[in-house]
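Here the protein sequences line up with chains A and B, keeping their order. Going by my numbering, 166 is the number at position 104 of the first sequence; the sequence numbering is gapless. Going by my numbering, 49 is the number at position 6 of the second sequence; the sequence numbering is gapless.
Be aware that one or more of the hints could be misleading.
Said to hold, decoys possible - So, partial list: chain B residues that the calculated Cβ filter (under 7 angstroms) puts toward chain A:
hint	residue
1	F99
2	T103
3	A119
4	E120
5	M126
6	F128
7	P146
8	V149
9	P153
As the list claims (entries may be wrong) - These stretches of chain A come out as covered by chain B in the derived footprint (C-beta under 8 angstroms, 3 or more residues):
hint	region
10	227–241
11	247–257
Said to hold, decoys possible - Below are the DSS-like pairs computed for lysine-lysine, each with C-alpha atoms no more than 30 angstroms apart in a straight line:
hint	chain 1	residue 1	chain 2	residue 2
12	B	K213	B	K256
13	B	K158	B	K229
14	A	K323	B	K72
15	A	K254	B	K176
16	B	K256	B	K148
17	B	K176	B	K256
18	B	K72	B	K116
19	A	K254	A	K323
20	B	K387	A	K254
21	A	K254	B	K158
22	B	K106	B	K256
23	B	K158	B	K116
24	B	K256	B	K72
25	A	K254	B	K154
26	B	K148	A	K254
27	B	K151	B	K229
28	B	K176	B	K154
29	B	K106	B	K154
Since the hints were made in silico from the structure, they are not lab data. Backbone N, C-alpha and C define an ideal beta-carbon position, used for all residues, glycine too.
These are the residues of each chain, in order.
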Amino acid sequence: MSRLFTLAPLMLFLGLAYLIPLAGIMLQSVTTPEFGMQNYSQALGDPLVWSVIRRTLRICLSVTAIAVVLAYALTLLWLNGSRGMRVFVELAIMIPFWLSVLSRTFGWLSLLSNRGLINTWLQSIGVISEPLTLIRNEFGVILGMVHFLIPFAVFPLASAMRDVDTRVVLAARGMGASRLRIFWQIFVPMTKSGIIGAALLVFVFSLGFYIVPTLLGGGRSVMVAELIYLRIFQIPNWGLAAALSALIMLSIGAFLVALIKRTEGTMK
Amino acid sequence: MASSTAAIEALQIGKDYGTFTALSDVSMKIMPGEFVTLLGPSGSGKTTFLMMLAGFEDITRGKLLIEGADCTKTDAEDRGFGMMFQGYALFPHMTVAENIAFPLKVQKRPKSEIKTRVADMIDLVGLTGHAHKRPTGLSGGQQQRVALARALAYEPPVLLLDEPFSALDKNLRGQMQDELRRIHAKMGTTFVFVTHDQDEALALSSRVAIFAKGRLQQMASPTDVYERPSNRFVAEFLGDINILPASFDGVNSRVGDFAITLPQAPSSQATHIGVRPENLVLYPAAETDGLECTISDRVYMGAQSRLQLTSALDDTPLMIDVKTSELTSHAEPGQKIRVGWAGKDSLIF
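In isolation and in its complexed conformation, chain A is listed as follows (with noise of 0.2 angstroms):
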């Protein structure tokens, strides 16, 4: 009982700030401008929306795997690195965290842009003469948001890794196994429980990015969030944009119970 208690100013403003807007986002999305299902009938049948919708999952799914790999490296050298190499692996992961998304994009511009350090550098000792288009495209989202991502994909890693019994490994070495052979066919499905949760986690953040896309994409590489805010601040359409951001939460929603029944079922 106690424990409600404690919690109820959480569930309060989470009411307050999370549940009432969104129940009003749902509400509008079948009332605006008048009531009934046409806003879907629009979002679902509009060529613009499915192609967005297909390059935010090709997005989405390209970051997610190159993410979790990267990750996977170093959550290991994290764990198994000179002392030294733990708390350089530890403050890389930690420094993102305390710079806003914003700045760290803006970082990327700096770097990437056709007048940017790495364009400027590479035609300064003549490997190229033209600027490489490094932002503006797909290249530059995912490579923005694999960035961003990659932290929040350590932590389960890391966790997963932590539980892998030593003994288990030894146990394989003694009986003469490679360590190539121990990586891939003990360590890595030990481990399958992180990875199935950094990549959940990943995946499902990377699909409401807004500002990584906005900013590095240049309006070429438009994703779900961005088609969202064009749809309410430039033709304003309430109930269409409303519409979108109800069939996003939705097939997460519809995504993420598939994959737990699916585990579910493997756990048995």
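Following the hints, put chain B in place on chain A, whose structure we already have.
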């Protein structure tokens, strides 16, 4: 034992962790097919020694020969020993059959051979019908059997066992010990077994190596370490013992007024005589020889009873085990009795 080359030979092996010496000067020879137990209290160095045999710990000093070849610096992967860990160390994401097949796949044995070998091992450890279960679906004893099957599947010349039964309850433990003895006899593999349980060590092994304070104290057959311990530590560590200050003059020795004739003269450093409780004899009431004691407690243990005594000489507490049926009503706490023992049962320290 056809071969005269030792399966494992340790030559003055030592281990330091920084400035701390965990193990010093351990030398031993383990012959092919032997069942050797490394016994000792925790922190005695027995597990460190096993880990050095396995190749999981570096050897700081000394030399390790495997079948006569110097393997002091050989990696664990290349020693080809089997190993059974405390807590089983099974691969949780593989079935029983896949666990047992893993070392065979590492050795790139043909598929058909792996299949029959896995089936044979599953039968050997009595897990028929469990081949496709995951370790989490098995009981502790069954997981133990999988670990044993996996460790023996590729016929390693030596199997190292690190307190494998410590997590099992007493009945299951006895059952697994019998199983292990049967499998040892059948396979002829050399077993090196670490335990802190002396009953387990005495019951299982052909020789027992007793460790304490980072040193090998004695290595001999179970009978020898129990009946002829090489020092006071070994005598006190294995079973119970009464240790009394004594004076010595050639083969004649005295504990208080009680004279004992020893089978042979002890060394000049001898100061004490030790006697196991089961070797003490209760003298008849009329007897005037022996040590006078007062009974302080009587503990019924079924066929045997143990009397706790206090020696009249210097209040040393003593223990004596007697057949319950031979105890008279006069053996009650507070009564005075006399006890003695034969010269051959005297251990000199």
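Taking the hints in turn, this is what the structure says about them:
Given the 7 angstroms rule on beta carbons, the hint for B:F99 holds: about 6 angstroms separates it from the nearest Cβ of chain A. Annotation: B:T103 was flagged as interfacial toward chain A, and the flag is violated, the nearest CB pair being 20 angstroms apart, outside 7 angstroms. Hint on B:A119 holds. Least Cβ distance to chain A is approximately 5 angstroms, under the 7 angstroms limit. Given the 7 angstroms rule on beta carbons, the hint for B:E120 holds: about 5 angstroms separates it from the nearest Cβ of chain A.
With a cut of 7 angstroms, the hint placing B:M126 at the interface with chain A holds, because the nearest CB-to-CB distance is about 4 angstroms. With its C-beta approaching chain A no nearer than about 5 angstroms, B:F128 sits inside the 7 angstroms limit, and its interface hint holds. Checking B:P146 against chain A by beta carbon gives a least distance of about 4 angstroms; that is within 7 angstroms, so the hint holds. At a threshold of 7 angstroms, the smallest CB-CB gap from B:V149 to chain A is about 5 angstroms, leaving the interface hint in force.
The beta carbon of B:P153 comes no nearer than 17 angstroms to any beta carbon in chain A, farther than 7 angstroms, and the hint placing it at the interface is violated. A count of 12 residues in the region 227–241 of chain A with a Cβ less than 8 angstroms from any Cβ of chain B is obtained; the coverage claim is therefore met, three being the minimum. With a threshold of 8 angstroms between beta carbons, the proposed coverage of the region 247–257 of chain A by chain B holds, since 5 of its residues qualify and at least three are required. For the suggested pair B:K213 and B:K256, the alpha carbons sit about 28 angstroms apart, so the restraint of at most 30 angstroms is met.
A hinted pair counts as satisfied when its Cα atoms are at most 30 angstroms apart, and B:K158 with B:K229 qualifies at roughly 21 angstroms. The suggested pairing of A:K323 with B:K72 is violated, with an alpha-carbon distance near 57 angstroms, which exceeds 30 angstroms. As the CA atoms of A:K254 and B:K176 are separated by approximately 19 angstroms, the hinted pair is consistent with the 30 angstroms bound. Restraint check for B:K256 and B:K148: the C-alpha separation of about 41 angstroms exceeds 30 angstroms, so the hint is violated.
Pair hint B:K176 plus B:K256 does not hold up; C-alpha atoms about 43 angstroms apart against a cutoff of 30 angstroms. For the hint pairing B:K72 with B:K116, the CA-to-CA distance comes to about 18 angstroms; that is within 30 angstroms, so the pair holds. The straight-line distance between the Cα atoms of A:K254 and A:K323 is roughly 16 angstroms, inside the 30 angstroms bound, and the hint therefore holds. Distance hint between B:K387 and A:K254 is unfulfilled; the C-alpha atoms sit about 65 angstroms from each other, more than 30 angstroms.
For the proposed pair A:K254 and B:K158, the alpha carbon gap of about 27 angstroms is at most 30 angstroms, so the pair holds. For the hint linking B:K106 to B:K256, the alpha-carbon distance of about 20 angstroms falls within 30 angstroms, and the restraint holds. Of the supplied pair hints, the one linking B:K158 and B:K116 is violated, its CA atoms being roughly 34 angstroms apart against a limit of 30 angstroms. At most 30 angstroms may separate the alpha-carbon atoms for a hinted pair to count; B:K256 and B:K72 meet this at roughly 20 angstroms.
Only pairs whose Cα atoms come within 30 angstroms are accepted, and A:K254 paired with B:K154 is accepted, the gap being roughly 27 angstroms. For the proposed pair B:K148 and A:K254, the alpha carbon gap of about 22 angstroms is at most 30 angstroms, so the pair holds. The straight-line distance between the Cα atoms of B:K151 and B:K229 is roughly 25 angstroms, inside the 30 angstroms bound, and the hint therefore holds. Between B:K176 and B:K154 the alpha-carbon distance is near 20 angstroms, which keeps this suggested pair within the 30 angstroms criterion.
Between B:K106 and B:K154, the direct Cα distance comes to roughly 38 angstroms. Violation of the 30 angstroms bound is thereby established for this hinted pair.
Figure legend: structure checked against the earlier numbered hints; hints not met, in rising order: 2, 9, 14, 16, 17, 20, 23, 29.
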